[in-house]
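Protein chains in written order, with this note's numbering: chain A, 1 to 439; chain B, 440 to 841.
One thing to keep in mind: the hints can contain errors.
What the hints assert, rightly or not - In the EDC-like style, the derived pairs of lysine to aspartate or glutamate whose C-alpha atoms are separated by at most 16 Å in a straight line are:
{"no.": "1", "chain 1": "B", "residue 1": "K833", "chain 2": "A", "residue 2": "E132"}
{"no.": "2", "chain 1": "B", "residue 1": "K537", "chain 2": "A", "residue 2": "E136"}
{"no.": "3", "chain 1": "B", "residue 1": "K707", "chain 2": "B", "residue 2": "E616"}
These are computed hints drawn from the structure, not numbers from a lab.
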Amino acid sequence: MAASTPSKDGVSRRGFLHGAGGTAIMSASAGLVAGTAVGAIGASAVLAGDAAHAATSGGPTGIAALGAAQSQLAYPFYGEHQSGIATPPQDHLVFMSFDMTGKSRTDLQLVLAKWSAAMAEMTAGKAIGATEPGREQAIPVDTGEATGMGPQGLTLTLGFGPSLFDDRFGLEKFKPANFADLPAMAGESLQPQFTGGDLCIQACAYDPQVAYHAIRNLARMARTQVKTRWTVLGFGRASAGANQQTPRNLMGFKDGTRNITTAEDMAEHVWTGEETGQSWMNGGTYLVARKIHMMIETWDTDSIGDQQSIFGRTKHEGAPHSGKLEHDVPDFAAKGADGEPVIAADSHIALAAHENNNGVKILRRGYNFTDGLDSVGRLDAGLFFLSFQNDPANFVALQRRLGSSDRLNEYIRHVGSAVFAVPAGLPAAGSYYGQEFFA
Amino acid sequence: MISTPRKRTTALLVAGPALAAMVLAGCSGTTGATGTGAAGGGAPVANGTAAVSVSVKNVDGKDQCVPDFTSAPAGPVTFNISNKDASGVSEVELLSDKRILGERENVIPGLKPVSFTVTLSGGSYQLYCPGAGTEYTPFTVTGNSTAAASNGTTDLLAAGTAGYGGYVSGQVASLVEAVAALKTAVDSGDVTASQKAYAAARPFYERIEPVAESFPELDPALDLRIADVEPGAEWTGFHPLERDLFETKAITDSTKALAAGLVENVGKLQKETTGLQYKAEELANGASGLLEEVQSSKITGEEEAYSKLDLLDFGANVEGSQQAFEYLKPALVVIDADLVKTISAQFDTVTAALEDYKDANAIGGWKPYTEELKASDATKLTQLIQSLQDPLSKIAAKVAAV
Chain A
1 MAASTPSKDG VSRRGFLHGA GGTAIMSASA GLVAGTAVGA IGASAVLAGD AAHAATSGGP
61 TGIAALGAAQ SQLAYPFYGE HQSGIATPPQ DHLVFMSFDM TGKSRTDLQL VLAKWSAAMA
121 EMTAGKAIGA TEPGREQAIP VDTGEATGMG PQGLTLTLGF GPSLFDDRFG LEKFKPANFA
181 DLPAMAGESL QPQFTGGDLC IQACAYDPQV AYHAIRNLAR MARTQVKTRW TVLGFGRASA
241 GANQQTPRNL MGFKDGTRNI TTAEDMAEHV WTGEETGQSW MNGGTYLVAR KIHMMIETWD
301 TDSIGDQQSI FGRTKHEGAP HSGKLEHDVP DFAAKGADGE PVIAADSHIA LAAHENNNGV
361 KILRRGYNFT DGLDSVGRLD AGLFFLSFQN DPANFVALQR RLGSSDRLNE YIRHVGSAVF
421 AVPAGLPAAG SYYGQEFFA
Chain B
440 MISTPRKRTT ALLVAGPALA AMVLAGCSGT TGATGTGAAG GGAPVANGTA AVSVSVKNVD
500 GKDQCVPDFT SAPAGPVTFN ISNKDASGVS EVELLSDKRI LGERENVIPG LKPVSFTVTL
560 SGGSYQLYCP GAGTEYTPFT VTGNSTAAAS NGTTDLLAAG TAGYGGYVSG QVASLVEAVA
620 ALKTAVDSGD VTASQKAYAA ARPFYERIEP VAESFPELDP ALDLRIADVE PGAEWTGFHP
680 LERDLFETKA ITDSTKALAA GLVENVGKLQ KETTGLQYKA EELANGASGL LEEVQSSKIT
740 GEEEAYSKLD LLDFGANVEG SQQAFEYLKP ALVVIDADLV KTISAQFDTV TAALEDYKDA
800 NAIGGWKPYT EELKASDATK LTQLIQSLQD PLSKIAAKVA AV
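Next up, chain B with everything else stripped away, as it sits in the complex:
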């Protein structure tokens, strides 16, 4: 997918023990800074669940995040979090190493307390309160340490990424068939049939565009727009074909060559993506990246300048984004149920709003994205997508392995 994470800064690794030391130092100096609870026993357990209260508050001018217990027995642990008056803290996370096991955002002064529950096996964890004077508080779970300290999300994410791999394969297989049909139509010289075949092929590519983009040779060969072509370089792929079919509306030998080239490059894409394995953060970044595509090239009408099929691509980008999100959802709901709710609701809103732009009689099934439609609706569409992309952009950090 798009980005290969750069070599990670070691700052955090170095900071970890140092911060931990500060916590311990603060413990002896400040009354109530870190409750130790019943010695060795940790947080009290009721109905099989241990309960830890985390109070976020302003202490002597500094925002602090103070749990009443810093240990609990293995099993489900509920963190009840309240923010009295610490305006600089708005979220609390439970980390295992750097992986987020559970968290709550919107821990805001004046709002009702919130909570999250995680099932923990024995081991060392950290309570992370970004913005607090002491951001990291060590949290120890005693007892059984059979499974990896991951509350099951590792398995859920593995299943999700495997599922997504299957989805990509399916889309690519359909794309192979669709461009073959497009080539057949072009070879027959039928412009109308070719236009329809072009529109039929586009969504399969647009749904998985971030995957294709991770192959630096293939994506430009398949999807470059005229504005991005280096002077003197050959322009290939979907868009010169689009120009021939929708602007000049004439099929020439070069049009046929373009269609043949498309078939060839899509074949390469299939080969490259077969058996590919994905990381959870790649799905997350891909989901967000697709919405970035919507904003930067579909709403502006740049993607399908000749065919005006931008809304068809728009819809496909959103579908592809939602698919990636759905595969992450089973794990994500364990980590941050609220965020899943917000994102799901925003997907529903976008999907419902897009219904207005469908037109069964138009090529590709969507209204042509004319200058008039853009002038009247672009702002609305931008706001719609931004409301979705903003929360969606946050999930990569939550599902990342480290």
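For reference, chain A alone in the conformation it holds in the complex:
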């Protein structure tokens, strides 16, 4: 019999294991602080009282208390926007894209309603049903591997791919204006098995098993109506939210130093409004997912001088070449003694900077990933780039510049790609994503 009783011991032991790494403690503490800070832009976290107190007061039980606090972190499921966007990036990600196999509108409606209810349960740290049903012949409703682990800051974010709005389900008239698959761009080597999808779910949590449990159970409950298309497991966040330390990508550089953090920027660059022509996108956004394979071994043989000049920043501090500290604003006009720009014009930060892109900003929320070894024996790893923006064209404009002239391209390959319309948050229990489609 599987044990199904949550135990205090289980929670704190997990917390300890999780907090055992120095960086994990820092990120956890940043996450907790950010939980309140982010309240300013629409999301706020709920912490169990004792745990929150223990975490903020420190003390001898520090690590265990912090782990316990983190395990009990729960973000509200209902609200103006979906969580998992403005939410300070959690440590782990499981992303999955799906295709509908069900052919009727009722099939789709059922999937969306079931998912919405189950997401509400799981983000609150609850099982979606009995893990140990009373009848001998019954099949467990919840698979059970997240039992007793707490919500772990789980967020579940749902997106609709452009293909969902074709003629299969009669949703043509609900398609947001100008919403389409991303155009082909320079520097891509896309593999069909990592592209597209009718639906996607992004699961983020402070524990990878909690995130995996969520995706697994959502996939399971819809198995008769949807099939899995592709998935990515992110093992470390590669972008920073407000008040979070900037994490590093697998190239060893800080990623997300100039990310969007304020409510003003979110309103201006991320959340969609009436321009989409769809009421369900009022308060929504667009998610761009890019699976970026890194040529890790060749990068590892590149000199520090070249690596830094490719990014336009120092490796350790992350300072732009025009400054000394990470958060010094890059001065793209600054010239060296040789009359050349201090930050190379074809460096990654110069090409991506909003100053050089008509003020365009996107919210990056990517994760490092690994798929083990590739077919020719190389490390198969890289960045699962996730960005949220109020117009996929903003990403396309940035990527066109990067894809055609970024010196980083020698070391990366975009192998996966998808774009999804992310509906606004659900107002309250009793509503489900896509409800407007079936009115």
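Once you've looked at the hints, dock chain B against the given chain A.
Just chain B now, with coordinates in the frame of chain A:
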């Protein structure tokens, strides 16, 4: 069949009265938690059918499942169920003891109300809402209590299991003839004829494999694959024969001995299965188990590694699964009509998709399951079968006697 249910936990039996007590306690404390309706009269009857509304909703942060009446007169009773905002509840069942008499799944917030109708005789029942704060609500039917409180499904299931017993006998009888023909072909030394005879015999076994598996001596003797043979143990049955006929393509004395052994063991299988009676949940688990077989050994190409006849077995497993389901259907449709619809549609989808893999010119009538075909189609086939097995796996609990 495969599993003999372990000794059932007594937890539920103990929990029953305790929960009932909680319901009663909640009744006095919470307004509207349990409507009592007209005292003694129970749910109102219109056109001969009593109607009970069950509202599933979130009350003060707790999911609750609240019927407007907790009793009804004997006869047909319709339960109309709506879920306003209880995200933790997704199904409602009517139980007699622990047997499911009727139920609806997909009772999801935001979706339209659903209903099911059951014909009940006088007695005590329970409304079961898994996930609700109060999961069990006693439901009383007043009046005539002639028949067992089972709304006729007991008889339907008895007829179904008897029918399935006949089906198994028929398959085994055909298998006896087919392996005899296989032995004749092998004895004649004709490899091509033996290959065809091998392919002709396999489906009869694969359709009823869960039954054979319930005889722990016979199944390994008949159907063991090389990977599962204990070192030093003798390898007998279909698969060493398959290796001789399809890989080495040479009939030796040992090949003939294998064929003779097969005939002997199939004879034992016939003896063991004659007059065997089955339980409804055994049919259900067998139907699901056959699809598990498809996923774990056919789609992977392990079953027929030498002959590449995996798709022939695949088709037979699906047929056998559907047969077991069909025998349960008359009862199951009373219990959960929606689920029957879903499963039937998935069987149709699978059957239609499998048409693409038939090849009248190939041995056994199916395309050989080559590495190339596996590489291109295995994912598709897996998804196809999973979409069917998932709902099918749920029926055992619905038809089980307790």
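Verification of the supplied hints:
no.: 1; hint: B:K833 to A:E132; verdict: holds (14 Å)
no.: 2; hint: B:K537 to A:E136; verdict: holds (10 Å)
no.: 3; hint: B:K707 to B:E616; verdict: holds (14 Å)
The structure shown violates none of the earlier numbered hints.
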